[in-house]
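*Asks:* So you can see what is in the structure, the chains are spelled out below.
2 protein chains.
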Amino acid sequence: MESERLEKQIQFIVEIDKLKQIYRQTYLMDGSRRENSVEHSWHLALMTVLLAEYSPSESLDLFRVLKMVLIHDLVEIDAGDTLCYDEKARRSQKSRELMAADRIFNLLPPDQAGKMRDLWDEFEASLTPEAGFARAIDRMQPVLHNYHTRGAAWRKHGVTRDQVVTRNHEIEKAAPELWDYIHALIERAVEKGYLLP
Amino acid sequence: MESERLEKQIQFIVEIDKLKQIYRQTYLMDGSRRENSVEHSWHLALMTVLLAEYSPSESLDLFRVLKMVLIHDLVEIDAGDTLCYDEKARRSQKSRELMAADRIFNLLPPDQAGKMRDLWDEFEASLTPEAGFARAIDRMQPVLHNYHTRGAAWRKHGVTRDQVVTRNHEIEKAAPELWDYIHALIERAVEKGYLLP
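Quick mapping for you: the protein sequence lines, in order, are chains V and G.
Basically the numbering used here = 1-based index in the first sequence + 103.
Basically the numbering used here = 1-based index in the second sequence + 103.
Since the hints were derived computationally from the structure, they do not count as laboratory data.
Among the hints, a few may not be true.
In this list, chains with the same sequence are indistinguishable; a pair is considered to hold if it fits within one copy or across any two.
[Said to hold, decoys possible] Computed cross-link-like contacts, BS3-like style, restricted to lysine-lysine with a CA-CA straight-line distance of at most 25 Å: (1) K218 <-> K197; (2) K259 <-> K111; (3) K121 <-> K111; (4) K218 <-> K295; (5) K121 <-> K218; (6) K111 <-> K295.
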């Protein structure tokens with residue numbers, strides 16, 4: 104194994120440490136602080152393993168889903184976290200994230216850069232059952248966090264029920280039973296005053 | 104799918120959020136703060152994917168390694184993080200962690216509790232190539248962090264070269280080339296004054 108290859112891999116491993124400092128809008132379950140994108144990604148990975156049985160796909164490649172959720176936010180190292188209900192920021196999000204993907208994945212040796220980029224592109228394109236399931240889990244996790252913090256991030260940003268339903272409805276196709284659960288949680292959040300009607 | 108099952112899964116998913124608040128001795132690569140066990144686990148997962156080629160095992164089940172590194176620290180929710188060079192704390196570590204494993208994994212439905220516990224036991228027993236590789240990556244990551252923070256945690260605790268070599272030598276069997284790299288990094292750390300000779 105040439106050491107130049109390992110040096111590149113280590114350089115990437117050191118670089119991605121920066122994602123630990125990208126804070127999201129979502130709060131930890133106890134409301135004590137916002138969570139960062141690494142914590143979010145780890146949580147998605149465990150949710151993927153535990154909730155895979157709710158995918159209607161009988162041949163879901165869970166290993167690929169896992170890799171997708173682990174890397175899907177790496178572009179935020181350069182592009183930052185974009186609030187999903189901020190329409191203005193979302194217009195420039197795609198181009199910012201594409202530039203970030205070009206830089207960050209290419210720190211790796213070319214073969215691994217290509218594989219990582221393919222996984223990231225697959226997640227973004229959302230055309231495969233694996234991407235669909237990864238995205239459903241990515242949608243679902245912040246709803247759980249919001250519900251258990253009595254709507255901390257929702258209330259801070261004046262988010263409404265319709266916004267949350269529109270954004271999360273994509274869960275239904277990838278995991279109908281998880282959508283039923285999340286949908287009920289959203290309605291309960293409105294009843295409890297965690298979310299604007 | 105009975106909803107009692109999903110309720111248990113969600114309860115576990117909410118519970119493990121607490122691992123985001125278990126801080127380790129290791130500092131982020133920029134030295135700004137200590138990292139927590141979730142950040143550490145995510146980093147191991149990506150390192151596992153990227154460095155698997157250094158395992159001499161030709162049939163390494165990477166998916167299982169990934170699951171192991173993602174869950175290996177969950178017991179710290181109850182047992183806390185134990186400094187690896189604190190001999191007194193390490194004596195009670197095993198019994199504290201076993202109690203934690205009994206409580207935490209059993210929040211899940213029995214079939215999933217059993218699978219998670221098997222993965223955790225496998226990591227702890229360190230008898231399979233998968234556990235060996237997961238543990239090698241678990242050893243390697245803090246050395247990278249220490250080196251890139253000019254020995255922040257090593258200097259704080261007065262750790263010596265021999266302690267680090269003894270602890271990390273286990274990497275050699277699971278991934279000889281990674282051990283060569285880490286061994287050289289340890290020697291360079293001594294030369295630079297990051298680590299006591």
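*Asks:* Look at each hint and say if it fits the structure.
*Replies:* Evaluation of the provided hints:
In the homo-oligomer, the alpha carbons of K218 and K197 lie at most 25 Å apart inside one protomer (20 Å), although the nearest pairing across protomers, at 39 Å, exceeds that limit. Taking the shortest alpha-carbon separations for K259 and K111, neither the intra-copy value of 41 Å nor the inter-copy value of 29 Å comes in at or below 25 Å. In this assembly of identical chains, the alpha carbons of K121 and K111 lie at most 25 Å apart only when taken from the same copy (17 Å versus 34 Å across copies). For a Cα distance limit of 25 Å, the shortest separation of K218 from K295 qualifies neither inside one copy, at 45 Å, nor across copies, at 36 Å.
Only within a single protomer do K121 and K218 lie at most 25 Å apart by alpha-carbon distance; the minimum there is 21 Å, versus 32 Å between protomers. Proximity of K111 and K295 under a CA criterion of 25 Å is satisfied inter-copy only: 22 Å between copies versus 51 Å inside one chain copy.
Checked against the numbered hints above, the structure violates hints 2, 4; every other hint is satisfied.
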